[in-house]
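In the numbering used here, the protein residues as written are 9 to 586.
Check the hints yourself; a few may be wrong.
[Said to hold, decoys possible] Taking lysine to any residue and the SDA-like style, the derived pairs with C-alpha atoms no more than 20 angstroms apart in a straight line are:
no. : residue 1 : residue 2
1   : Lys354    : Leu369
2   : Lys294    : Val267
3   : Lys560    : Lys505
4   : Lys505    : Glu483
5   : Lys463    : Lys560
6   : Lys426    : Ser437
7   : Lys212    : Ala275
8   : Lys416    : Pro391
9   : Lys421    : Asp456
10  : Lys350    : Asp378
11  : Lys560    : Lys583
12  : Lys421    : Phe449
13  : Lys294    : Leu369
14  : Lys426    : Asp456
15  : Lys294    : Ala275
16  : Lys320    : Leu338
17  : Lys17     : Ser75
18  : Lys495    : Leu446
[To be verified] Have a look at the derived ranges for each label pair, beta carbon to beta carbon:
no. : residue 1 : residue 2 : range
19  : Asn278    : Ala64     : 50 to 58 angstroms
20  : Ile111    : Tyr57     : 35 to 43 angstroms
21  : Asn278    : Ile111    : 18 to 26 angstroms
22  : Glu327    : Ser210    : 38 to 46 angstroms
23  : Ile111    : Gly84     : 18 to 26 angstroms
For the record, the hints were derived by calculation from the structure and aren't laboratory data.
Built from N, CA and C at the ideal position, the CB exists for glycine as well.
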Amino acid sequence: MRLFDYFYKKVSFAGAVAIFTTTWSLIASFYGFYFVLSVVNFTVEELLYFLTILTACTVMAIFLHLSHFGLFHKWGFSGFTRSIRLINKYFDRGYIFSNYKRIENQTVEEVFSVLNSLSVNNLFIAITYTALVIIVMAVVTYFRFREFDRVLFTIIGGVFASLIIGYCTSLITEYFTGPYKVRLQQILFQRSIHVRTRNILSFKIKSIFILFLVLSSMIILMILIRHSEKALFQIIMFIFLSLITVGLLIFLIINTISVSLSSINHAAKNLASGGAGMFFPPFSDKEFMIFSDNYNRAVLEINEIRADLERKISKRTEELSAAYEHVNKLYRQIQTDLNLAKRIQKRIMPENLDGIEGLNLAIHYYPMADIGGDIYDIFQLRPGHIRIFLADAIGHGIQAALITMIIKGEYEKVKNIKSIQALLEIINSSFIDVYYTLNAFFSCILMDVDLHKRKIRYASAGHPDQIHVCNNTIEILRHTGRLIGIKEDTRYEIVEKNIYENDKILLFTDGLFEQFNDREEGFTERHILELVKKRMSSPIYDLHNTIIAAMKEFLGENYEQSICDDITMIGIEIKENS
């Protein structure tokens, strides 16, 4: 191909093709000469005369052939016919490939059509000039020897040579023009222009011709050997020409198959990677042309299915994008609402507890989400009398947070009622009457601390057991009634206990002991009691912080993601001399 490219640049495209095909014509002419030599006896003088005329005619035919195909293109003469001139014009310096975007579709189609027919065109041109050589040789032989037999064998040898010349000319032309035909077909395909190519030969015909050539060579060789007067050099030369001829033909056929299979492989890979995947056969062999038609029909169907899927995916993507944007907008609105709810929920919790005398308070409030279902309230009912309220709504998140708003509203109405029992029963009745359809249930503990009488009084509505550390002894504060909102006319028992200086009371929701680590191990009430036993003599702040730190350590580094319930803990310590 490098030698072809050299002649392509120095002469012309069609001229480069003609140089290779006419070189083969020269070899084939001597092949025909050996056919004549095998059946006709020449004297040395006659042989030199015949060979001189054959060489002169062949050289003249080759010169005409090369001129026909643009030998003098660089000097302004691009060929005898319009089709040859068109090829040489648009293939000059690869113009059609470097400037194809500026060339009209009709021109590209015409150039492809001419290039596709070049092998047939070259075949007929080669046979035409070969026929002229045969005619000249027949006339010269007749006038020189006046023997009809010699003229007949000269014509037969010429026809034999012309078959080889025509066949090889077609194959060689296909070999050099194939890659360029593919590039033009790709350009036309990109412009949605479909072109059909004609098949000229098949591998079956090529195989038959090679077999015919081998058999003919063997027959001629047998004749040459049989006539012992033939020089050994002539026999060796004929064998050499036969090997070159058959070898070149086999090489061209194998290369045709190899290049075509490589093109199929490339097309299949291109299709698999998402490309068009079209297969344009470089050569006009019947088998590959039929395969190309069937393969490309399948590829077009696949591409249509792929394009339809891409359209559907694009449409769905747009729909999903719009839905995502809508959801994102709603999410941002929800986040805004949650932030507002968080601020509201924070505002309804007691903020400044410094005004409460006689108690040391340590509070930990940690909702599972931005807002939670725990709520507490601490206020001074009257001097020396503090009321503490801790509630845990059933559920988590927004639902539980909304219930806490209801709890807060109902509690604020009755929080100053002196009787704890009456207060809880009123709230229970309200939830049954007004909010029953909401399934708004909650547990709570309500405790009054009387610093003057040194007593605590509490009632627990379905709330977990709480802890009272009295004189270095742990006492459990158990629940005294059902959840609020479960059953009407529920009665809540009041429990009264004595308190002393430095007593500690831990009030908490079930979120404190219903947490699990990555190993599905739970932080339980047992853990809390063990910690209280170890640190019961510590100030309430230390005890409180120890429990929270132990829980976080138990859950691990990602404890914030591990928390599965709202956590609230209120630590109360009776001050000395209060």
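Outcome of the hint check:
1. In summary, the hint linking Lys354 to Leu369 is supported, as the alpha carbons are separated by about 18 angstroms, within the 20 angstroms threshold.
2. For the hint linking Lys294 to Val267, the alpha-carbon distance of about 15 angstroms falls within 20 angstroms, and the restraint holds.
3. Of the pairs offered as hints, the one joining Lys560 and Lys505 is violated, with about 32 angstroms between alpha carbons and a cut-off of 20 angstroms exceeded.
4. For the proposed pair Lys505 and Glu483, the alpha carbon gap of about 10 angstroms is at most 20 angstroms, so the pair holds.
5. For the hint linking Lys463 to Lys560, the alpha-carbon distance of about 34 angstroms lies beyond 20 angstroms, and the restraint is violated.
6. Taken as a hint, the Lys426 and Ser437 pair is honoured in the structure, with Cα atoms around 18 angstroms apart against an allowance of 20 angstroms.
7. Straight-line distance between C-alpha atoms of Lys212 and Ala275 comes to about 25 angstroms, which puts the hinted pair past the 20 angstroms bound.
8. For a cut-off of 20 angstroms, the pair hint linking Lys416 to Pro391 is broken: about 23 angstroms separates their Cα positions.
9. Distance restraint check for Lys421 and Asp456: the Cα-Cα separation of roughly 17 angstroms lies within the 20 angstroms cut-off, and the hinted pair is therefore satisfied.
10. Between the alpha carbons of Lys350 and Asp378 the distance comes to roughly 6 angstroms, so the proposed pair stays at or under 20 angstroms and holds.
11. Our distance criterion of 20 angstroms between C-alpha atoms is broken by Lys560 and Lys583, whose separation comes to about 29 angstroms.
12. With a C-alpha separation of about 18 angstroms, the suggested pair Lys421 and Phe449 falls inside the 20 angstroms cut-off, and the hint holds.
13. Restraint check for Lys294 and Leu369: the C-alpha separation of about 97 angstroms exceeds 20 angstroms, so the hint is violated.
14. For the hint linking Lys426 to Asp456, the alpha-carbon distance of about 10 angstroms falls within 20 angstroms, and the restraint holds.
15. Restraint check for Lys294 and Ala275: satisfied, since their Cα atoms lie roughly 19 angstroms apart, inside the 20 angstroms limit.
16. Between Lys320 and Leu338, the direct Cα distance comes to roughly 26 angstroms. Violation of the 20 angstroms bound is thereby established for this hinted pair.
17. Proximity of Lys17 to Ser75 is assessed by CA-CA distance (about 16 angstroms); at most 20 angstroms being required, the pair is judged to hold.
18. Our distance criterion of 20 angstroms between C-alpha atoms is met by Lys495 and Leu446, whose separation comes to about 14 angstroms.
19. Under the hint 50 to 58 angstroms, the C-beta atoms of Asn278 and Ala64, about 52 angstroms apart, fit the expected range.
20. Separation of Ile111 from Tyr57 is about 53 angstroms and departs from the stated range, judged on CB atoms against 35 to 43 angstroms.
21. Between Asn278 and Ile111 the beta carbon distance is about 24 angstroms. The supplied range of 18 to 26 angstroms therefore holds.
22. Between Glu327 and Ser210 the beta carbon distance is about 53 angstroms. The supplied range of 38 to 46 angstroms is therefore violated.
23. The beta-carbon spacing between Ile111 and Gly84, approximately 22 angstroms, falls within the hinted interval of 18 to 26 angstroms.
Hints 3, 5, 7, 8, 11, 13, 16, 20, 22, counting from the list given before, are not met by this structure.
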